[in-house]
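Residue numbers (the working numbering), protein chains in the order written: chain A, 1 to 442; chain B, 1 to 277.
Read the hints as simulated data drawn from the structure, not as lab findings. As the structure is a prediction and not an experimental result, all values here were calculated from the model. Please note that a few of the clues may not be correct.
Under 8 Å between C-beta atoms, here's a sample of chain A residues computed to sit facing chain B [what the hints assert, rightly or not]:
hint, residue
1, Ser72
2, Thr73
3, Asn97
4, Ser413
5, Gln417
Ideal Cβ placement from N, Cα and C applies to all residues, glycine included.
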Amino acid sequence: MRKLSILLVLALICAALSGCGQGGTSSATATVRFLNFKPEIASVYEEIARAYEEETGVKVVVETAAANTYESTLTAKMATSEAPTIFQVNGPLGYANWKDFCKDLSQSQITDIITDDNLLLKTQEGVFGIPYVVEGYGIIYNDEIMRKFFALPDKKTDVASVEEITSFDKLKEVVEEMSQKKKELGIEGVFASTSLKPGEDWRWQTHLMNLPVHYEFKKNDIDLSTDETSNFKFEFNRNYKNIFDLYLNNSVTDKKMLGAKITGDSMAEFALGRCAMVQNGNWGYSQIKEVGGNKVREEDVKMMPVYIGIEDETEGLCIGTENYLCINKRADENTQKAAEDFLYWLFSSETGKRYVNEGLGFITPFNTFAVDEVPDDPLAREVVRWMNREGVDTIPWDFTIFPSQVFKNNLGSNLLQYAQGTKNWDTVVDETVRDWKSESNK
Amino acid sequence: MKKYAPVFLLPLTLAFTVFFVIPFLGGLILSFTEFTTVDNAHFIGFDNYIKAFSGDSGFLNALWFTVKFTVVSVVTVNVLAFLLALLLTKPLKGVNLFRTVFFLPNLIGGIVLGYIWNVIINGVLSYFGVDITFSANYGFWGLVLLMNWQMIGYMMIIYIAGLQSVDRGLVEAAYIDGANARSALWHVTIPSLMPSVTICTFLTLTNSFKLFDQNLALTGGAPGKQTSMLALDIYDTFYGRIGWQGVGQAKAVVFFVIVALIALVQLYFTRSREVEV
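Bound-form chain A, shown alone (with noise of 0.2 Å):
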């Protein structure tokens, strides 16, 4: 009896070692593994990598990470044998997380095609990240209230159009009115909920943020990539109160009860017509579309700059991009080589290109793309628009440069503090200015 007993957990310990010694060997073929950031168009992913493979016998398997949680996925996925190929940084601070792993593009085929060496992911070493995508934010408006609004007989402003919204005065000017005669104009308020729950406060500790830092590091004349940006005043603070409280004080919600709220009730709010501005990208356009029972005619979904009086006659949309490619060096060179392929084929061959246009709807930063070559939505056409026309410059992001995570939910949750009114604004500022420089000196 003993016997058998021992020859049963040696069965077992063989078992379990042949089991475990599986996992080493690896097939000769390069597979290539992509992480997708965006699961709205994992499926069109997935239909490129078929299409690829039938094309030239290369394997691209798909695999995407369910919203926010893009990081976590990546950090899990990547201590596997089966670790991504490509996979995505969100800018610098991404970067410093993952230059481990991020391979040096310089030499690849696909930073010849990009059409502005700036926008590239660079640092003294080399190139570690691809930008595929360009989108630009800032205030997104239904024409066909506004329309309405300019035609009303007992319209006091001045202000004849949109065209002539050029200014924060003048933007603050039809605001008000326009809560004013809101009934005649069939909306509960003129901008969209803030959307300030936590994890949804994006649009205003990110994105709104982004014009006085940027306006701040212009004037200063500060170097973006040294540490000279751990300086941070918030000059222009007043600027950045006066368009808050003017989403706030005009907004479909009580500024009370904004900490409920997400993006995606703001977008329905739009679509649905019961109010006529929203500060968001082109990104929100399939938002705006999937709403049931949506109001918003697609002709009418426009987008103008986000004035907030500092330099507005020549200020433009916040255009770039926060989205970068990186090639996983701990890959076998094979695989390197076959994503590197992969990724140029998609951005420059005529049947990659046709689905980023059709399938993704990227705006991309590349010179393989004809100017008739854009995605067709609307608010990607205004984001085209707005960046070729003349006399305005384009405000680019420098909030990938913030100084953390921590610093923008912050800031988040300071700004829904300030709306519910139980923070000052003298108490943001300074708070903020504080995490700002302990942030940057992490």
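Let chain A serve as the given structure and place chain B on it in line with the hints.
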């Protein structure tokens, strides 16, 4: 039969080692390193622990909030569950239906419960022109309410089982000796119920301390981080803060030590009050 012991123990020992002991030791080692993924760690000594206890890491705030929450919810859950159990061991109509109804909330997952209660609480608070993010107090009592709603039914079932196994003869003897209902409850029923009390306090204590889903869904830590409990704080540190994964790991180790200590101390004290009949 002893010689068969290895055969029967081996699968579990193996599984326990592979899925618990090894990851746990790995986690312990990682807490002394700086890392992005588990295989590119650099040893940095006690830095993570120092950072974890520094002022701006949020750990001490979360610890204090968790302790407050645990004390309040252990007391409320157990008292209410015990009272319900007393009520539902009386010969009432529809006892089984009520037992089932009170037990049901326990079958709903924490995240779902958190979102449901978020809507309910915000709906009520909106009459007063505020919502749950206004003050840490709302979040705190919201969490207590949620915890009670979820746990009472489960604890009630354990107490009911305990009450049903209390020796009837003992209680009757007490009445014959002139005890009234209250002293019979206090001096006879409750002492015989100590094993159930041990189990229930253990479960509520550790569950309250480890609460995560409900916290995430109900308040998400708002306002600011004031209603973040330990588990949520660890999660936020690990995933929300670039370069702080090691600190999150260090916090997790400290968290483990605290939970283990509390559980052992509590078990020791309630066990010592159990009586043999």
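Hint-by-hint comparison with the structure:
no. : hint   : in the structure
1   : Ser72  : holds, 5 Å
2   : Thr73  : violated, 10 Å
3   : Asn97  : holds, 4 Å
4   : Ser413 : holds, 4 Å
5   : Gln417 : holds, 6 Å
Consistency note: the structure conflicts with earlier hint 2 alone.
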